[in-house]
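Asker: So you can see what is in the structure, the chains are spelled out below.
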Amino acid sequence: MTELIKNGKRQDDRKPEEMRDLSIEAGVLKRADGSAYLEWGSNKVIAGVFGPQKCIPQHISNPYKAILKFRYNMAPFSVDDRKRPGPDRRSTEISKVSKEALESALILRHFPNTMIEIFVEVLQAAAGTRCASLTAASVALADAGVPMKDMVAACAAGKIGDEVVLDLAKEEDNAGKADVPIAIKPKSGDIVLLQMDGDLTPEEFDETLSLAKEGCMKVSEEQQKALQEKYEMEEGE
Amino acid sequence: MRKIVIPGEKLASAEEKNNGDHTFVEEGKIVSEVFGVLTESNNYMNVNPLGGRYIPREDDKIIGVVTSKKYKGCIIEFNSAYTAYVSTEDSDYSVGEVILAKIEDVNEVNEVRASDIMKLYDGKLVEMTPSFVPRLIGRKGSMISMIKDETGCTIFVGRNGRLWIKGDKEQVRRVEKAVKKIEEEAPTSGLTKRIEELLEEKT
Chain A
1 MTELIKNGKR
11 QDDRKPEEMR
21 DLSIEAGVLK
31 RADGSAYLEW
41 GSNKVIAGVF
51 GPQKCIPQHI
61 SNPYKAILKF
71 RYNMAPFSVD
81 DRKRPGPDRR
91 STEISKVSKE
101 ALESALILRH
111 FPNTMIEIFV
121 EVLQAAAGTR
131 CASLTAASVA
141 LADAGVPMKD
151 MVAACAAGKI
161 GDEVVLDLAK
171 EEDNAGKADV
181 PIAIKPKSGD
191 IVLLQMDGDL
201 TPEEFDETLS
211 LAKEGCMKVS
221 EEQQKALQEK
231 YEMEEGE
Chain B
238 MRKIVIPGEK
248 LASAEEKNNG
258 DHTFVEEGKI
268 VSEVFGVLTE
278 SNNYMNVNPL
288 GGRYIPREDD
298 KIIGVVTSKK
308 YKGCIIEFNS
318 AYTAYVSTED
328 SDYSVGEVIL
338 AKIEDVNEVN
348 EVRASDIMKL
358 YDGKLVEMTP
368 SFVPRLIGRK
378 GSMISMIKDE
388 TGCTIFVGRN
398 GRLWIKGDKE
408 QVRRVEKAVK
418 KIEEEAPTSG
428 LTKRIEELLE
438 EKT
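Protein sequence lines correspond, in order, to chains A and B.
With the first letter of the first sequence counted as 1, position 99 gets the number 99 in the numbering used here; the numbers rise by one all the way through.
With the first letter of the second sequence counted as 1, position 107 gets the number 344 in the numbering used here; the numbers rise by one all the way through.
Each hint should be verified, as a subset may be incorrect.
To be verified - Some chain A residues judged to face chain B by a derived CB distance under 10 Å, without partners named:
hint, residue
1, P85
2, E103
3, A105
4, V146
5, G189
Everything labelled a hint here was simulated from the structure, so no lab data went into it.
Cβ atoms here follow ideal geometry from the backbone N, Cα and C, with glycine treated the same way.
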């Protein structure tokens, strides 16, 4: 196997602290209340938000706030070997942690007895899809006019060979030593999602975390740009 | 061009300005809670959202559709997360009818009671983003009366982002076109003039 990192250069010619190319477009689905399409390296993700709307089933509604539903789904054709369609252990977990991450940023008390549904479809997957889907969902929520304290931005960092790097690509994720996806509220720096796969020493962990936070800030800038661009484009028409 | 703000964006210091619609105060700063357009009036920082569903408010006129009938009343759907109950002791309403109503009362969990209902016949129901309705009406109704004069259509505007247009088929289409343009260019200024041009060039 070729080395993942050689002379400070990664397989795809990136520097250790360099992110893959990220582009986001807001308002791509006509019939959703809010939507976003995101490309991050070779990850392709589409997110749609519906609501706030009538809560179905009624018995799960909360008279103090809106409830949130998050569905992360990978398309069968999104990976090299066909993925068996439908929810599985992994996507159920990602849906849960993503929902909880967003709950801490949204202001749900404005809409008692309602639900907000978020659907994220991964069309092409190449490591870091949970960060990609959370980032896209956040833009879609803002596009849907859902009130929030801050827009959640997510990014991963990890360890390949002996070095801490930002935003692991697919080969790096498979053969690397550790992967730490995080999501933050950029304004306050609060961490709303933190997971770890692999082993890191405490020092390495601190380094990874601060690197991932820097990545989140870059992601946040892209998110803001995507929303600003939505109306600039329409003006030019 | 007015300023477009994103959620979490700091607008001003809370000591200098007051926080208005769709904003909150955090650490001495006024912060926007939605993606919208910033408007400042009387020292209040307001944000007008660029999306989102209608939130029922007392005394608003809404255009809704009867979705189901209950004992001595019916349920109205009006492009919101919530539905309204209308008491109809005196007259009969059937499912699917379009009505204009006034919101009488909204309680703390946004249950809506409406009254002053009026049936709307033979028109076309058009939807737009609720937060752009003030833009469609214009200052002292300048925009909407201009559209009415230009096309000769009868138009009812619901605060919930629903319009009911009655008139000649071709004219109704022109109104729809104007509404679509307003929706697309709502954050820009000098809109009334451009809509006037749009309507003139078609005749």
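Asker: Does the interface hint hold: is A:E103 within less than 10 Å of chain B, judged Cβ to Cβ?
Answerer: violated (15 Å)
Asker: Regarding the hint that A:G189 lies at the interface with chain B, is the smallest CB-CB distance below 10 Å?
Answerer: violated (12 Å)
Asker: Against chain B, is A:V146 within 10 Å by beta-carbon distance?
Answerer: Because about 7 Å separates A:V146 from the closest Cβ in chain B, which is inside the 10 Å limit, the hint holds.
Asker: Is the interface hint for A:A105 satisfied, with its Cβ closer than 10 Å to some Cβ of chain B?
Answerer: Since the shortest Cβ distance to chain B is 8 Å, the answer is holds.
Asker: Less than 10 Å between beta-carbons is the criterion; does A:P85 satisfy it with respect to chain B?
Answerer: Cβ of A:P85 sits 31 Å from chain B, so the hint is violated.
Comparing the model with each earlier hint shows violations of hints 1, 2 and 5; every other hint is respected.
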